[in-house]
Amino acid sequence: MDGDLVRVQGLRVGFATDAGLAQVLDGVDLAIRPGEIMGLVGESGCGKTTLARSILGILPANAARIAAGEILFEGQDLLRLDEGRLAGDIRGRQITYIPQDPFNSFNPVFTIGTQIGDLMRWKSPLRAEGVSGRARRRRDRERVLELLHLVQLPNPESILRKYPHELSGGQRQRLMIAMALLPGPKLVIADEPTTALDVTVQAQILTLLKSLARRSGVAVLFTTHDLGTTYEICDRITVMYAGQDVESAPVAAFFGRPSHPYTTRLLASLPTTRDAISGIPGEIPGLITPPPGCRFNPRCDRAVEECRSVRPSPTAMGAQHLVRCYRPMQESRAA
Amino acid sequence: MARFLFILRKLAEDRSTLLGVILLALLVLVAILAPVLATHPGDVSEFHTAQRLHPPGAENWLGTDRMGSDIYSRLLFGARITITIAVTAIAVAVLIGVPIGLVAGYFDGIASDLLMRTSDIFLAVPQIVLAIAIAQTLGPSIENVILALSATYWPFWARLVYAETRTCRKEVFVEAAVALGASPWRVMLLHILPNISSSIIVRTTIGMGGTILTAATLGFLGLGPPPPTPEWGRTIAESREFLPMAWWYAAFPGLAIFLVVMGFNLVGDGLRDALDPRLRRSARRGR
Amino acid sequence: MSETPILEVETLRKYFPIRNVWKRRTGWLKALDDVSLTVRKGEILGIVGESGCGKSTLGKTLMGIHQPSAGRVVFEGADIAAMKPHQSRALRRHLQYCYQDPGASLDPRWSIGASLREPLTIHENLKGDAATTRVREILRAVGLPEGHLDLYPHEISGGQQRRVGLARILTLKPSVLILDEPTSGLDVSVQATILTLLLDLRQQFDLTYLFISHDLSVVRMISDRVAVMYLGRIVEIGTAEAIFETPRHPYTRSLLSAIPKIGGARVTDNFALEGEPPSPANLPSGCRFRTRCPMAQPVCAETDPQLREDWPGQAAACLLA
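Protein chains in written order, with my numbering: chain A, 1 to 335; chain B, 1001 to 1287; chain C, 2001 to 2321.
Since the hints were made in silico from the structure, they are not lab data.
Be aware that a few hints might be false.
[Claimed, not checked] Below are the EDC-like pairs computed for lysine to aspartate or glutamate, each with C-alpha atoms no more than 16 Å apart in a straight line:
| id | chain 1 | residue 1 | chain 2 | residue 2 |
| --- | --- | --- | --- | --- |
| 1 | B | K1010 | B | D1273 |
| 2 | B | K1010 | A | D18 |
| 3 | B | K1170 | C | D2034 |
| 4 | C | K2060 | B | E1175 |
[Stated by the list, open to error] One-sided excerpt, in silico: chain C residues whose CB lies under 10 Å from chain A:
| id | residue |
| --- | --- |
| 5 | G2052 |
| 6 | L2144 |
| 7 | H2148 |
| 8 | D2150 |
| 9 | E2181 |
| 10 | V2188 |
| 11 | V2190 |
| 12 | A2192 |
| 13 | D2215 |
| 14 | S2217 |
| 15 | M2221 |
| 16 | S2254 |
| 17 | S2257 |
| 18 | P2260 |
| 19 | T2268 |
| 20 | G2286 |
All residues carry an ideal CB built from backbone N, CA and C; glycine is no exception.
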């Protein structure tokens, strides 16, 4: 669709391993509109982290092979952009990143203030505007303190003087959120930001993330394996399985009318009551010799011959609701 | 074992390691086949003063020494001595150092501290000096060289094994074995030792190089096996008074030592690369 | 599930010394601070709490991996807390501990068959064919093929490694199993499979479980009773239904309100619990939850509440509940 902030089309990525080429992403499509919070959900091996990293351009250079596809950011293909522009302008400025692990993301030997200072020196939005010198440093500092306050870190001045190990996990994650917002990005990629946190801290961080995103109008790509968190803050959700995107829908339609068999099985296996424990029989396929066609077909009880040969193209199920399935679980409501 | 072959294949992939393997293979071959490959096998003990200090030529490929003996042949037999000394000394050092490190690393308490402080004392003295002191006291012979080397080098293994045991001790599977009721001996010998064996192997291989160098130094200083044993270090010592004229006298034994030590180092490095990442790599599928 | 207690824990304490640079003890980290509970034969008792609450330490202390600082642990009639590890080893046979990642509990250098045989060699001196038969039986019980005996841990999937880890513990025919975070890190679909397996095994081997987890939804699914821990103390304990439907302690309420519920009101619209738990090295006076409790009164700073069983099948440690 036009006006998308990010459009990934047909992305195919492989990782070279000792055992062969692992086809980690198999023609993935993803669209994120400006200001929307998009949830990327999937189990292990689905490729969500690889997709997030592809957008940032931080795939391991020695092992990753981008075989096909494009990643359009405001119309520009990031895959064709040279590293200089990518590193200077896009990464860390227009697209920022909140990693999964708040514990190891900081340099332990420098104070928070030093690390943020480094960030602002290169990635301050004022720099792009050409402002420099003492006036800029002053304004940057004000902005830093303001953001630290917004993420509810107590006593921001003293935080700047502390070392990373002096902060708790929740505090570090808040700090990462602040640092991701400082450069004034258009897109924040949050890779499983609450997975390592306790549930009460998770609730706090999710609340924070949602309100800040809304307030600053920034788009968020939020990867997780936990559907509950996507329910909390996402506008739209995309489900991935074994390197393929299978369904994408606005949150109400996603939970109300899931259409792909995998999505429905996934929702069904969420813990509710003891009598209804259900898993999905079978195992996630290896990616070196994955099943042909729709990769879920060996475990799908609705699979037909076509599923095993050609991967389905996206079908519209409703407004912004796409599913890749020959036999979706719902009737299409698309016009 | 399949693993052994896998490691060999990994070693072969890296060129410098391959070079090291070739050098070591040559060393072993030479040592075994010395009588066959030598042009003047008798020269190990005989001498022909008439032919002293001849430069390399058709008759004597690498020249002759001050007694007229063929340097090439003596070098080949010298390989045997080198291997004997190195292998035996290391074996003894390992047999002393590894158990000490294992016990000290697994248990806590006075005994453990005592053992490691003892090894620290040995390590505080420069290796060469220690080796010289021991060899001097005991007198020049092959056995004494081996003794001196083992006594000098065992602490390296003790310390390595100590550190690795301490780390391995914290691993979940060790804790699980203990929770299951395994006795400390069982845990040390059947669980910890196999898992730290790769560092021991790497250290041993690299250690060989250092040991050979020290052995040659002892020989050079006259503390090694007495003449007419064709030990490489001693040969270099003998050559001193005839340099720089009779350059072949020192150059070839020197080259031999160089190649052998380098061979061990290259193989050791290659082993470390081949063994470690395999072990560290997690088998679990990540998210 | 019967009413007979199989494991009784009385005022269990585990304090870890905090030392400064010069190894002098500057304080205590009170990981377990007077924990008492009774586990009934055949039941699944869930233990929940967030990081630092002491639930893992509880599991390890019961198991003997940590030595308790005070208190009693009565298992099969004997107080195992008071004994030294080698004395209680025999008694502990029937009390087994399953690691969060049972796959990691397998020695990577040992074949699976060897790992499974090990407990038999240590405890029963069972070798050869007798051991192999027993091992095969257990392997079948956890749903793994016999061929796995010759494989190594890294050659099978994470889920299968977990099953092997479980199998190993079962070879000794334990009566009580302490499961430490058995489903954390697992994909949701695999989680369901493991839970089903655990329920089957309980049936088959007549087991009792102590199910330690931070994932409340999972605990809810599988537990008969649930104990909620906060900073080393049990703040509420009761039947699963009571705890999840009618939580009495303010912490339990906050904890439950933090869980996203698909289809319901959004947590993020209205979440009230601020800040983070104080350090277990520096507990607040009186009730340890009072610094974050929405209902805190002055009296809460003076008295340290004990568990009161004021409701049917439910007890909470709160002065105001």
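Inset, instruction - Please write out, lowest number first, the hints stated earlier that are contradicted by the structure. - result: Of the numbered hints given earlier, those the structure breaks are 3, 6, 7, 8, 9, 20, listed in rising order.
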